[in-house]
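Fit chain B to the given chain A structure using the hints.
Heads up: the sequence lines are chains A and B, in that order. Residue 156 in our numbering sits at position 156 of the first sequence; the count goes up by one each step and never skips. Residue 77 in our numbering sits at position 77 of the second sequence; the count goes up by one each step and never skips.
Don't take every hint at face value.
[What the hints assert, rightly or not] Only some residues are given here: those of chain A computed to face chain B with a beta carbon under 10 angstroms:
1) Thr47
2) Ala53
3) Ala94
4) Gly97
5) Ala287
6) Pro290
7) Ser377
[Stated by the list, open to error] In silico DSS-like links for lysine-lysine, alpha-carbon gap of 30 angstroms or less:
8) Lys399(A) / Lys257(A)
9) Lys24(B) / Lys257(A)
10) Lys31(A) / Lys257(A)
11) Lys27(A) / Lys24(B)
12) Lys413(A) / Lys460(A)
13) Lys257(A) / Lys27(A)
14) Lys399(A) / Lys413(A)
15) Lys31(A) / Lys24(B)
16) Lys257(A) / Lys80(A)
17) Lys21(A) / Lys80(A)
18) Lys24(B) / Lys289(A)
19) Lys21(A) / Lys31(A)
20) Lys80(A) / Lys24(B)
Read the hints as simulated data drawn from the structure, not as lab findings. These numbers come from a predicted model, not from an experiment. All C-beta atoms, glycine included, are put in the ideal place defined by N, C-alpha and C.
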Amino acid sequence: MSTPIAFAFLAASVLFIVGIKLLSSPKTARKGNLVAAAGMLIALLATLPLAHASAVNAALIGAGILVGLVIGAVGAYRVKMTAMPQMVALFNGAGGGAAALVAAIDFPAHGTQITLAIPMLFAALVGAVSLSGSLIAFAKLEGHFEKPVTSKVQQFTNAVLLLAIVSGSYILLVFGPRSDTHGLGLLIMLLVLALLFGVSMVLPIGGADMPVVISLLNSFTGLAVAADGFAISNLALIVAGTLVGSSGTLLTLSMCKAMNRPVTNVLFGAFGKASTENVSEIASGGAVKPIQADEAALLLGVARHVVIVPGYGLAVAQAQHQVRQLADELAQRGVEVSFAIHPVAGRMPGHMNVLLAEANVPYEQLVEMEAINPQMSRVDVCLVIGANDVVNPAAHEDKSSPIFGMPIIEAEKAGTVIVLKRSMGKGFAGIENRLFVRDNCRMLFGDARASLQELVTQVKGA
Amino acid sequence: MTVGVLTFFVFVLAIFLGFELIFKVPSMLHTPLMSGTNAIHGIILVGGILALAGADGVVEQGIGFVAVVLGAANVFGGFMVTDRMLQMFRKKK
Numbered sequence: 001m002s003t004p005i006a007f008a009f010l011a012a013s014v015l016f017i018v019g020i021k022l023l024s025s026p027k028t029a030r031k032g033n034l035v036a037a038a039g040m041l042i043a044l045l046a047t048l049p050l051a052h053a054s055a056v057n058a059a060l061i062g063a064g065i066l067v068g069l070v071i072g073a074v075g076a077y078r079v080k081m082t083a084m085p086q087m088v089a090l091f092n093g094a095g096g097g098a099a100a101l102v103a104a105i106d107f108p109a110h111g112t113q114i115t116l117a118i119p120m121l122f123a124a125l126v127g128a129v130s131l132s133g134s135l136i137a138f139a140k141l142e143g144h145f146e147k148p149v150t151s152k153v154q155q156f157t158n159a160v161l162l163l164a165i166v167s168g169s170y171i172l173l174v175f176g177p178r179s180d181t182h183g184l185g186l187l188i189m190l191l192v193l194a195l196l197f198g199v200s201m202v203l204p205i206g207g208a209d210m211p212v213v214i215s216l217l218n219s220f221t222g223l224a225v226a227a228d229g230f231a232i233s234n235l236a237l238i239v240a241g242t243l244v245g246s247s248g249t250l251l252t253l254s255m256c257k258a259m260n261r262p263v264t265n266v267l268f269g270a271f272g273k274a275s276t277e278n279v280s281e282i283a284s285g286g287a288v289k290p291i292q293a294d295e296a297a298l299l300l301g302v303a304r305h306v307v308i309v310p311g312y313g314l315a316v317a318q319a320q321h322q323v324r325q326l327a328d329e330l331a332q333r334g335v336e337v338s339f340a341i342h343p344v345a346g347r348m349p350g351h352m353n354v355l356l357a358e359a360n361v362p363y364e365q366l367v368e369m370e371a372i373n374p375q376m377s378r379v380d381v382c383l384v385i386g387a388n389d390v391v392n393p394a395a396h397e398d399k400s401s402p403i404f405g406m407p408i409i410e411a412e413k414a415g416t417v418i419v420l421k422r423s424m425g426k427g428f429a430g431i432e433n434r435l436f437v438r439d440n441c442r443m444l445f446g447d448a449r450a451s452l453q454e455l456v457t458q459v460k461g462a
Numbered sequence: 001m002t003v004g005v006l007t008f009f010v011f012v013l014a015i016f017l018g019f020e021l022i023f024k025v026p027s028m029l030h031t032p033l034m035s036g037t038n039a040i041h042g043i044i045l046v047g048g049i050l051a052l053a054g055a056d057g058v059v060e061q062g063i064g065f066v067a068v069v070l071g072a073a074n075v076f077g078g079f080m081v082t083d084r085m086l087q088m089f090r091k092k093k
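Just chain A, same shape as in the assembly (with noise of 0.2 angstroms):
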């Protein structure tokens, strides 16, 4: 590599990393994103010099650009705002399989030098289980297999799994290099058992959890295109590899921090597994009251502070919109209006965030959880849309709930409660939630976004 060439890879990883620093702050994000692109088109187009590429291979590699450009493109622009989380579970499956790719295709050449050999099945063999986590990770966000795939044998199948594949890695690294085919036949194998791997990590562990899966897998995609930087000897691999790799780890256990469960607890202990057992069910026999929206209007309009606690269902209504119109009509009326954000509603962290931003909502109106729990019992109506198990008191009461210990807003301390929802379904977590029960809850059902425009027309009529 001559040194320009390397100084532009140089600049390109400096780019990467202050575009990270800036990414973790709301005020410079944007800003960290774009100085991140710089970085990567630096890094592209110093690689176009080292490429020596037949016209036939050239042109392929043109033409590739062009289909993956497209293909990202017309995702990141078309996917609606609810779907944003699986748009990243499949663009992270992507680089996953491309990794795994680039491995495969240098192995036979390369795989006779012991140094080389590692990185490039780790390479291999993780990214192959990114993508096929990834992929069973975005159809079950996209709402397939909506229950958790639990056996018995579970655990089971995943640890030969992993034997199998660290004891096949031993045997090609040792035995396999010296006979060219034997050594591919072997390869492949292990990238079979590699993707069944992915799919049996990610198939038992529930839809709620999605978003930590998907962080994780994030970070091996990293680590994965770390490796395959040691095997072809390209530092801009190493260092974007590696700082994905690290910081995607620190964010997955913060992800998991802020819902109160150690991360072995989400991978191995199923959501709902041992979850619905029958004490809570009778905890919440009690009937729901509901509430028609002419009277919802009259508290609100008559409330001092609101406190609107928004949630998936929300996002699946499309409502950011005309919750604003809710909010700001309230405010005109003297209403003091804010909106609790728990960490993790929605399907990812900062969901809510991105949509309520999306619908223009003054920033100084959202609060976080611990901000507006000690006020919780001061509030006059919490307006709770579309969100469920980040509101169920079974966190705080129930020692058999599975979410028991996870931090919730404390909807239930406030005068009244109405909760907007679609029918009696349970939450992603799949258990019943008690606080509907509760006096002071009244229901008001139908699609949120219906509901709201109607709260809307009746507290501007009243």
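Chain B in isolation, oriented as in the chain A frame:
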């Protein structure tokens, strides 16, 4: 010190740098940050381009082509989707 050892140095330092960089990030930024770092590992496109450039025979070309397509989708899609998310954090004027 050999090149290999130096490379390993860079690798270990990058691990710590990654931890330091995102220490204490507000939870509202978890998703954009995940998405942004997701785009950064799209640098595998560089590896894909180099692999396809040296590809020999239809099989290698085919695999290399798929790698480039996947890598390019990761890079371009990743940065665009992150930008779209962050666009919405703009302050109300």
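To see whether the hints hold, each was checked on the structure:
{"no.": "1", "hint": "Thr47", "result": "holds (5 angstroms)"}
{"no.": "2", "hint": "Ala53", "result": "holds (4 angstroms)"}
{"no.": "3", "hint": "Ala94", "result": "holds (4 angstroms)"}
{"no.": "4", "hint": "Gly97", "result": "holds (5 angstroms)"}
{"no.": "5", "hint": "Ala287", "result": "violated (36 angstroms)"}
{"no.": "6", "hint": "Pro290", "result": "violated (33 angstroms)"}
{"no.": "7", "hint": "Ser377", "result": "violated (24 angstroms)"}
{"no.": "8", "hint": "Lys399(A) / Lys257(A)", "result": "holds (19 angstroms)"}
{"no.": "9", "hint": "Lys24(B) / Lys257(A)", "result": "holds (12 angstroms)"}
{"no.": "10", "hint": "Lys31(A) / Lys257(A)", "result": "holds (28 angstroms)"}
{"no.": "11", "hint": "Lys27(A) / Lys24(B)", "result": "holds (15 angstroms)"}
{"no.": "12", "hint": "Lys413(A) / Lys460(A)", "result": "holds (28 angstroms)"}
{"no.": "13", "hint": "Lys257(A) / Lys27(A)", "result": "holds (24 angstroms)"}
{"no.": "14", "hint": "Lys399(A) / Lys413(A)", "result": "holds (20 angstroms)"}
{"no.": "15", "hint": "Lys31(A) / Lys24(B)", "result": "holds (19 angstroms)"}
{"no.": "16", "hint": "Lys257(A) / Lys80(A)", "result": "holds (28 angstroms)"}
{"no.": "17", "hint": "Lys21(A) / Lys80(A)", "result": "holds (27 angstroms)"}
{"no.": "18", "hint": "Lys24(B) / Lys289(A)", "result": "violated (42 angstroms)"}
{"no.": "19", "hint": "Lys21(A) / Lys31(A)", "result": "holds (10 angstroms)"}
{"no.": "20", "hint": "Lys80(A) / Lys24(B)", "result": "holds (29 angstroms)"}
Checked against the numbered hints above, the structure breaks hints 5, 6, 7, 18 and satisfies the rest.
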